[in-house]
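There are 2 protein chains.
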Amino acid sequence: MALIVQKYGGTSVSDIEKMQNVAKRIIKAREEGNSIVVVLSAMEGETDRLAQLAYSASDHPAEREYDVLISTGEQVTISLLAIILNKMGCKAKSFLSHQVKILTDRDHTRARILSVDTERINSELKKGNIVVLAGFQGVDQNDNITTLGRGGSDTSAVAVAAALNADYCEIFTDVDGVYTTDPNIYDRARKLAKITYEEMLELASSGAKVLQQRSVEIAKRYGVPVYVRSSFNNELGTLVTKEDREMEKEVVSGVTYDRNQAKITIVNVPDKPGIAARLFTPISDQNIVVDMIIQNASVEGFTDLTFTVSKKDMKEVQAILKKVAKEIGANRIEYDENISKVSMVGVGMKSHAGVASRMFAALASEGINILMISTSEIKISCVVESKYTELAVRVLHDVFHLDSEDK
Amino acid sequence: MALIVQKYGGTSVSDIEKMQNVAKRIIKAREEGNSIVVVLSAMEGETDRLAQLAYSASDHPAEREYDVLISTGEQVTISLLAIILNKMGCKAKSFLSHQVKILTDRDHTRARILSVDTERINSELKKGNIVVLAGFQGVDQNDNITTLGRGGSDTSAVAVAAALNADYCEIFTDVDGVYTTDPNIYDRARKLAKITYEEMLELASSGAKVLQQRSVEIAKRYGVPVYVRSSFNNELGTLVTKEDREMEKEVVSGVTYDRNQAKITIVNVPDKPGIAARLFTPISDQNIVVDMIIQNASVEGFTDLTFTVSKKDMKEVQAILKKVAKEIGANRIEYDENISKVSMVGVGMKSHAGVASRMFAALASEGINILMISTSEIKISCVVESKYTELAVRVLHDVFHLDSEDK
Numbered sequence: 094m095a096l097i098v099q100k101y102g103g104t105s106v107s108d109i110e111k112m113q114n115v116a117k118r119i120i121k122a123r124e125e126g127n128s129i130v131v132v133l134s135a136m137e138g139e140t141d142r143l144a145q146l147a148y149s150a151s152d153h154p155a156e157r158e159y160d161v162l163i164s165t166g167e168q169v170t171i172s173l174l175a176i177i178l179n180k181m182g183c184k185a186k187s188f189l190s191h192q193v194k195i196l197t198d199r200d201h202t203r204a205r206i207l208s209v210d211t212e213r214i215n216s217e218l219k220k221g222n223i224v225v226l227a228g229f230q231g232v233d234q235n236d237n238i239t240t241l242g243r244g245g246s247d248t249s250a251v252a253v254a255a256a257l258n259a260d261y262c263e264i265f266t267d268v269d270g271v272y273t274t275d276p277n278i279y280d281r282a283r284k285l286a287k288i289t290y291e292e293m294l295e296l297a298s299s300g301a302k303v304l305q306q307r308s309v310e311i312a313k314r315y316g317v318p319v320y321v322r323s324s325f326n327n328e329l330g331t332l333v334t335k336e337d338r339e340m341e342k343e344v345v346s347g348v349t350y351d352r353n354q355a356k357i358t359i360v361n362v363p364d365k366p367g368i369a370a371r372l373f374t375p376i377s378d379q380n381i382v383v384d385m386i387i388q389n390a391s392v393e394g395f396t397d398l399t400f401t402v403s404k405k406d407m408k409e410v411q412a413i414l415k416k417v418a419k420e421i422g423a424n425r426i427e428y429d430e431n432i433s434k435v436s437m438v439g440v441g442m443k444s445h446a447g448v449a450s451r452m453f454a455a456l457a458s459e460g461i462n463i464l465m466i467s468t469s470e471i472k473i474s475c476v477v478e479s480k481y482t483e484l485a486v487r488v489l490h491d492v493f494h495l496d497s498e499d500k
Numbered sequence: 094m095a096l097i098v099q100k101y102g103g104t105s106v107s108d109i110e111k112m113q114n115v116a117k118r119i120i121k122a123r124e125e126g127n128s129i130v131v132v133l134s135a136m137e138g139e140t141d142r143l144a145q146l147a148y149s150a151s152d153h154p155a156e157r158e159y160d161v162l163i164s165t166g167e168q169v170t171i172s173l174l175a176i177i178l179n180k181m182g183c184k185a186k187s188f189l190s191h192q193v194k195i196l197t198d199r200d201h202t203r204a205r206i207l208s209v210d211t212e213r214i215n216s217e218l219k220k221g222n223i224v225v226l227a228g229f230q231g232v233d234q235n236d237n238i239t240t241l242g243r244g245g246s247d248t249s250a251v252a253v254a255a256a257l258n259a260d261y262c263e264i265f266t267d268v269d270g271v272y273t274t275d276p277n278i279y280d281r282a283r284k285l286a287k288i289t290y291e292e293m294l295e296l297a298s299s300g301a302k303v304l305q306q307r308s309v310e311i312a313k314r315y316g317v318p319v320y321v322r323s324s325f326n327n328e329l330g331t332l333v334t335k336e337d338r339e340m341e342k343e344v345v346s347g348v349t350y351d352r353n354q355a356k357i358t359i360v361n362v363p364d365k366p367g368i369a370a371r372l373f374t375p376i377s378d379q380n381i382v383v384d385m386i387i388q389n390a391s392v393e394g395f396t397d398l399t400f401t402v403s404k405k406d407m408k409e410v411q412a413i414l415k416k417v418a419k420e421i422g423a424n425r426i427e428y429d430e431n432i433s434k435v436s437m438v439g440v441g442m443k444s445h446a447g448v449a450s451r452m453f454a455a456l457a458s459e460g461i462n463i464l465m466i467s468t469s470e471i472k473i474s475c476v477v478e479s480k481y482t483e484l485a486v487r488v489l490h491d492v493f494h495l496d497s498e499d500k
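Chains A and B, in that order, give the protein sequences. Plus 93 on top of the position in the first sequence (first one is 1) and you've got our numbering. Plus 93 on top of the position in the second sequence (first one is 1) and you've got our numbering.
Excised from the complex, chain A in its bound form:
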């Protein structure tokens, strides 16, 4: 008998009929002899509706109150699912964060889970109840309601699984697993049976949005096996887990892309100590995340500095650079929003040489110019003109034979 945490996303609980299907799936797992804890998101679109209501009341809604408002979305789904489960003859109880104590810090709208008290959950499981928990939310130590940010229900589920020492955590969503690349871009994309936490993190940060990044970090820290599955079929999905020997054989697990980046080049900066700090400190002070940073070798005491930020942050960065440029004696600043980042991810890269050169050669063979390169232990990213995004993804997928399990 296993202890399983199942998380269902907003598309899986968007109406009563879909919830009935979810209930059947839960009852099946229960009848197979397992103890089940369920974590739910709000109905698809509901969090947006509530957020709109808040913004129609104020341009800058008080964050404590905003959390009280949008946390009602999950309260609706957990109570409805518990009603349905009970109607189907399966004992179930819903719980909010203050009732089981899912404790977070006080950082409203982007809180982090500090601890999950397992006492009430375990006692309800012992009584034979299905425990249905509201995802996406917690309470601070004064019982104020907090929320975890978009996708936070994944994090709730994994944190609960870690605290309960559950056998595994199933994340039911509207895709049936993690693919070698975006199936919308390339129909030869293949579903992966397994992927490591590290690869999943790199995929997430490169734009694949199957799991909230923090949920993967927690899963990795506590060694929680996570299955990403579809709630609309019975496929096994993808297991996100720690690295094993078999997985090391795979050089590359996936190709991913991110169209949301913009590139900024500061041309001919004097190459003196402290320049980078003077440039990036005011940017990070505004909570703007800089992704790639590249500095060319210095020529006659001058260098070019290139970095990328999210497109949405471009205006603010431009305003900051206007001030800083003169200070640091920069000659010219170039802005380019017309780019994409294409990345290859795989734990095997650590022990396999030549992945980078094969990647560069493949892009060159299609006449795709590489604007920036950045590498980590298990990832190589190239910035290319955005019009080449799909082509780059397809050619890399082909070159590394990602459509086949024996490569």
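Simulated from the structure, these hints should not be mistaken for laboratory data. There may be inaccurate statements among the hints.
Intra- or inter-copy, both count: the list cannot distinguish identical chains.
[As the list claims (entries may be wrong)] Here are the computed lysine to aspartate or glutamate pairs in the EDC-like style, where the Cα-Cα straight-line distance is at most 16 Å:
1. 480 <-> 427
2. 184 <-> 156
3. 180 <-> 156
4. 194 <-> 236
Starting from the known structure of chain A, arrange chain B on it as the hints suggest.
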């Protein structure tokens, strides 16, 4: 500086614009130097929408879960109002029952408030915050969410006012006070400046639905002055309070009516001890409330027994009587749904003779036949054919000069 509890009903918070008006009213009371605690209902129609959702999930939704679901309605309004108040520069915080501890019994969907912890409310008031509380709900001692039944926000507000020892409680609603009779039936109805708790209770039980009955009971027990006011104008409304000398002068405060009753007559029952018990026990066992009961004097060992119940309970009562009739040797049973109860209410009746006879004469003068009579210390009720309802109300209103303050 006074401590005031203000309660706003669903029609007063049905959209952002209306909530902005509510916020202005709160800020005005605050600027006059008062400490304000606000109790809110859900947006008009929202509780019905949530209830429908529950009933689309199950014919008999689990009551614990039903309460979790419908309590979200007030969570939405309190957070939105707090957002609006903060935007207007007025510090405000919303609180749910588990946060301030509004403790109830475990009777889901019809819970009764046991206690209100004032510690957190007082500490937030001291910090200069407006405290915005969710009406209609509480928590039991295990922190399960409970609700108080329809109209429960009135009860929340009065219970909070009693616990805080507030100077008074204002109930803002879509009518601007308590009237001598229903203004929709008679345009000469006059708004009362004052009414006693006892009269308010009799009016409520006779069909006037301005305040939830339990809220009046609590106000009476703790001596909380309650103002019934409109949130759409600045009229003073009606003060519900304890009896004083001035009020004793008023013989009759109002005329009220109830079209929801049905009359049942059991003809020619043998007049033996225990008959009434055998008749009414199975009815009360089904939680059916019997309002008026009249037994005529016995003639030759036989009597007629007449009583009224809510129209909605008629079918069930008929089923019960079918079984009981033979047992008690009843000859015939007559059912009549075509009736109304018209009542006169007034604390002055206690010390004024002749009210009943004036009432009967007035009805007779219009040819209205009286089918049943029942009296209490401060109320006289007559059952009449329902087609006479409006006429009876108007003639009684005229005879007792209720349109004028000097009668």
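Against the structure, the hints:
1. 480 <-> 427: Neither: 19 Å inside a copy, 85 Å across copies.
2. 184 <-> 156: between (36 Å within a copy, 13 Å between copies)
3. 180 <-> 156: This pair counts as between: shortest inter-copy Cα distance 12 Å, intra-copy 37 Å.
4. 194 <-> 236: Intra 9 Å, inter 11 Å, cutoff 16 Å: intra and inter.
Going down the numbered hints, you'll see the structure goes against just number 1.
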